[in-house]
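I would like the entire structure built from these sequences, with the hints used as guidance.
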Amino acid sequence: MADWDVIVVGAGNAAFAAATAAKEQGASVLVLECAPQEEAGGNTRFTAGAMRFAYDGLDHLQRLMPDLTAEEIRKTDFGQYSEEAFFDDMGRVTEYRTDPDLCEVLVTRSRETMFWMRDKGIRFAPIWGRQAFQVDGKFSFWGGLTVEALGGGPGLFAAWTKIADREGIEVRYQTRAVSLLFDGAVVTGVRVKNANETLAIGAKTVILAAGGFQSNVEWRTRYLGAGWDLAKVRGSRFNTGDGIRMALDIGAMPYGNWSGCHAVGWERNAPEFGDLSVGDGFQKHSYPFGIILNAHGKRFLDEGADFRNYTYAKYGREILCQPGHFAWQIFDAKVVHLLRDEYRIKQVTKVSANSLGELVEKLEDVDALNALETIHTYNACVDTETPFNPNVKDGRSTKELGIPKSNWANTIDQPPFVAYAVTCGITFTFGGLRIQTNGQVLDVDMRPIPGLYAAGELVGGVFFNNYPGGTGLTAGAVFGRIAGTSAGGVVSNQ
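For the sequence shown, the positions run 0 to 493 when numbering that gives the first Met the number 0 is used.
FYI, nobody ran anything at the bench for these hints, they're computed from the structure. Positions of the beta carbon are idealized from the N, C-alpha and C atoms, including for glycine. Some hints could be false.
[Said to hold, decoys possible] As a list, the in silico DSSO-like pairs of lysine-lysine whose alpha-carbon atoms are at most 30 angstroms apart: (1) K345 with K297; (2) K119 with K161; (3) K137 with K392; (4) K398 with K361; (5) K137 with K333.
[Stated by the list, open to error] Label pairs and their computed distance ranges (CB to CB): (6) R171 with K333: 48 to 58 angstroms; (7) Q346 with S258: 30 to 40 angstroms; (8) A199 with E71: 46 to 56 angstroms.
See the structure below:
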């Protein structure tokens, strides 16, 4: 006889969405988390909490954020983000490789899932500090990203744990799932290990929501390729692919972009794994307003190709490919006020100078002469006739430059000058398990595995090569809710 109706493996955003949805179906729910309570929450606690979803305008946002004041509304252009725009962004940034069925579910269920989260007690706020600049006295949001969970990732995790406690969902910390109980036909529970013992816990259904394999250095190198063992890990040290492995061991189908991942520009001297006291602060995402140089003192990418929401998740890979696996982001005084708060933390590798010649000499491990020549050449190619506007792709570009800068090209000529050292920080991996649109895991013969569901970063097929910012938490909540509803529904129908 099963000990529980539903077991959820993992304790991040996707896992708690699944657990809460299963509880709505009347199921008894147990959440298993391998981390101790003080480190629990997976990658969710390391995010800034941004969530991308389709909305038609202010009415939808006010339903999510009923405490918006009249003054906040007056001074802000929130715009809209249609389902069509969301589909276009998902197609464009994944090179149209995103699974069409999963993508449709993600986009069309995004708004209702946000409303569901709000109804459960999760609060949201506009992302003024990171997604809107004030131009002519009015804030304007850009890049299809407007809302974040109140308190960022830590606030979202705290809200979910409060909901779980209120709903009577048991969470067991420092309890590592090591394998699925499988009789050859049906998943019947999970074998777990804690500090004292290994034991089997029976369940009518199991939902895997334990994240990707980004913290498994051996898997990173095996699947992402040479050099990925040298990347920093942005988030939880516990996301080692255990959920994926357990499912593959019983014949689940691997799916998606196993050689791809979400990886960003990250503080060069950050620790091996994420630090909860710093959270997302090690990221460095204001590069569209400056230039990036490698160890040879050369630019190697188009910093202004698109809004950072659509480039940051792939530019970490570009930095990892550079000599020494690092780069320097360079800005002048004209744009320093636009830099995000993450540039002002204490744990940052920064140099400043009152002349470009002095600055390049301070860029550790960089060819200073080449760097100075690169900056002067870049400055000479900037189209200064086109107005600069950080809220739109302004078309202020470079001319006759080998690697163009397509938008937000400003000359670097006004002191003081500042530079920040970055490396590659991997967020999560794109390869994982194949699921149906109801969240059930498929086997290698494309047949549903009875009793097994999945959600979150360990689901493959949603993202390829790149990622629209803020979509990860949304996907986790959408597919977590679906998996929980499906798993709990199986129980209620028995």
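Verification of the hints:
Of the pairs offered as hints, the one joining K345 and K297 holds, with about 28 angstroms between alpha carbons and a cut-off of 30 angstroms not exceeded. Our distance criterion of 30 angstroms between C-alpha atoms is met by K119 and K161, whose separation comes to about 10 angstroms. At most 30 angstroms may separate the alpha-carbon atoms for a hinted pair to count; K137 and K392 meet this at roughly 17 angstroms. Between K398 and K361, the direct Cα distance comes to roughly 29 angstroms. Compliance with the 30 angstroms bound is thereby established for this hinted pair.
About 20 angstroms separates the Cα atoms of K137 and K333, which keeps this hinted pair within 30 angstroms; it holds. A C-beta distance of roughly 53 angstroms is found between R171 and K333, which places it inside the suggested range of 48 to 58 angstroms. For Q346 and S258, the Cβ-Cβ distance of about 31 angstroms falls inside the hinted range of 30 to 40 angstroms, so the restraint holds. Between A199 and E71 the beta carbons are some 53 angstroms apart, a value that agrees with the proposed interval 46 to 56 angstroms.
Hint compliance for this structure: every hint is met.
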